[in-house]
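Engineer: Quick note, the sequences are listed as chains A and B, same order.
Each residue of the first sequence is one higher than the one before, counting from 0 in numbering that gives the first Met the number 0.
Each residue of the second sequence is one higher than the one before, counting from 0 in numbering that gives the first Met the number 0.
Calculated from the structure, these hints are not laboratory results.
Glycine residues also receive a C-beta, built at the ideal position from the N, C-alpha and C atoms.
Honestly, I wouldn't trust all of these hints.
To be verified - So these bits of chain A aren't anywhere near chain B, every CB distance computed over 12 angstroms:
hint	residue
1	17
2	23
3	24
4	46
5	97
As the list claims (entries may be wrong) - When the alpha-carbon atoms are kept at most 25 angstroms apart in a straight line, the in silico SDA-like pairs for lysine to any residue are as follows:
hint	chain 1	residue 1	chain 2	residue 2
6	B	40	A	73
7	A	101	A	133
8	B	73	A	84
9	A	30	A	69
10	A	130	A	69
11	B	69	A	46
12	B	69	A	116
13	A	101	A	74
14	B	40	A	71
15	A	45	A	65
16	A	72	A	4
17	B	74	A	106
18	A	32	A	68
19	B	40	B	55
20	B	69	A	129
21	A	30	B	69
22	A	72	B	34
23	B	74	A	102
24	B	69	A	131
25	A	32	A	114
26	A	40	B	49
27	B	49	A	29
28	A	4	A	116
29	A	118	B	67
30	B	49	A	33
31	A	72	B	45
32	B	67	A	71
33	A	40	A	6
34	A	130	B	34
35	B	67	A	85
36	B	67	A	38
37	B	49	B	33
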Amino acid sequence: MIQVKTTRFGDLQVPEDKIIHFPEGLLGFSKLKRYILLDYKDTSIKWLQAVDDPDVAFIVINVFEIEPEYEIKVPDSVQRLLGLERPEDAVVLVILRVEGGKLLANLQGPLVINSLTRKGVQMVVENASVKVYNMH
Amino acid sequence: MLVLTRKINESIRIGDDITIKVLEIRGSQVRLGIEAPEDVKVYREELYQKILQENLRAARVNATEFDKLKEVFKKK
């Protein structure tokens, strides 16, 4: 078990094999390479909490929860980086945020994670966008 | 910063394995051909900045915003 200090959830004890490694970090957070994924109660959203910075956590969701038709081509270089061999091992998460009462989902910078190796990468997708949704 | 002048079909080389070639100049637009190893990330600056800024904003979600999201994604 490792101890993860967090601003939002206090101190957590997490099994080492739950850590997700982002070898390149996320854009703007290149030094933070280890994260844990926390379910949030009765919702489909999760928190992606940085292991090495208590303040940094992103709200994420499986892209198919909000965009069932979402398609992504994972380049060979990324497949190699993640050790990804089968499409079904890939989990695609998108980062959510709220601005001016709207929900913004960053479909342009999805997080692709190999659920077997627990390695992830933030991809930059040219032909996608940050999608804005009304919240009801 | 290094500033170089190049003509069409001329290149610059960065390190041993990156070349950037001027393919076409049309008015104020320049088309570049970039060859780089596949593990070198090449992005348009605006796109890189956009995602970086999105990440910075997303990492600062406050409690009120989170409460709203929580409601939206509550499992039925």
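Engineer: Hint by hint, say whether it matches the structure.
Structural biologist: Do the hints match the structure? See the list:
no. : hint          : result
1   : 17            : holds, 21 angstroms
2   : 23            : violated, 8 angstroms
3   : 24            : violated, 10 angstroms
4   : 46            : violated, 9 angstroms
5   : 97            : violated, 4 angstroms
6   : B:40 - A:73   : holds, 14 angstroms
7   : A:101 - A:133 : holds, 5 angstroms
8   : B:73 - A:84   : violated, 33 angstroms
9   : A:30 - A:69   : violated, 29 angstroms
10  : A:130 - A:69  : holds, 12 angstroms
11  : B:69 - A:46   : holds, 11 angstroms
12  : B:69 - A:116  : violated, 29 angstroms
13  : A:101 - A:74  : violated, 32 angstroms
14  : B:40 - A:71   : holds, 17 angstroms
15  : A:45 - A:65   : holds, 13 angstroms
16  : A:72 - A:4    : violated, 35 angstroms
17  : B:74 - A:106  : holds, 22 angstroms
18  : A:32 - A:68   : violated, 29 angstroms
19  : B:40 - B:55   : holds, 20 angstroms
20  : B:69 - A:129  : holds, 20 angstroms
21  : A:30 - B:69   : violated, 29 angstroms
22  : A:72 - B:34   : holds, 20 angstroms
23  : B:74 - A:102  : holds, 17 angstroms
24  : B:69 - A:131  : holds, 17 angstroms
25  : A:32 - A:114  : holds, 16 angstroms
26  : A:40 - B:49   : violated, 31 angstroms
27  : B:49 - A:29   : holds, 16 angstroms
28  : A:4 - A:116   : holds, 24 angstroms
29  : A:118 - B:67  : violated, 30 angstroms
30  : B:49 - A:33   : holds, 23 angstroms
31  : A:72 - B:45   : holds, 21 angstroms
32  : B:67 - A:71   : violated, 28 angstroms
33  : A:40 - A:6    : holds, 18 angstroms
34  : A:130 - B:34  : violated, 31 angstroms
35  : B:67 - A:85   : violated, 36 angstroms
36  : B:67 - A:38   : holds, 16 angstroms
37  : B:49 - B:33   : holds, 22 angstroms
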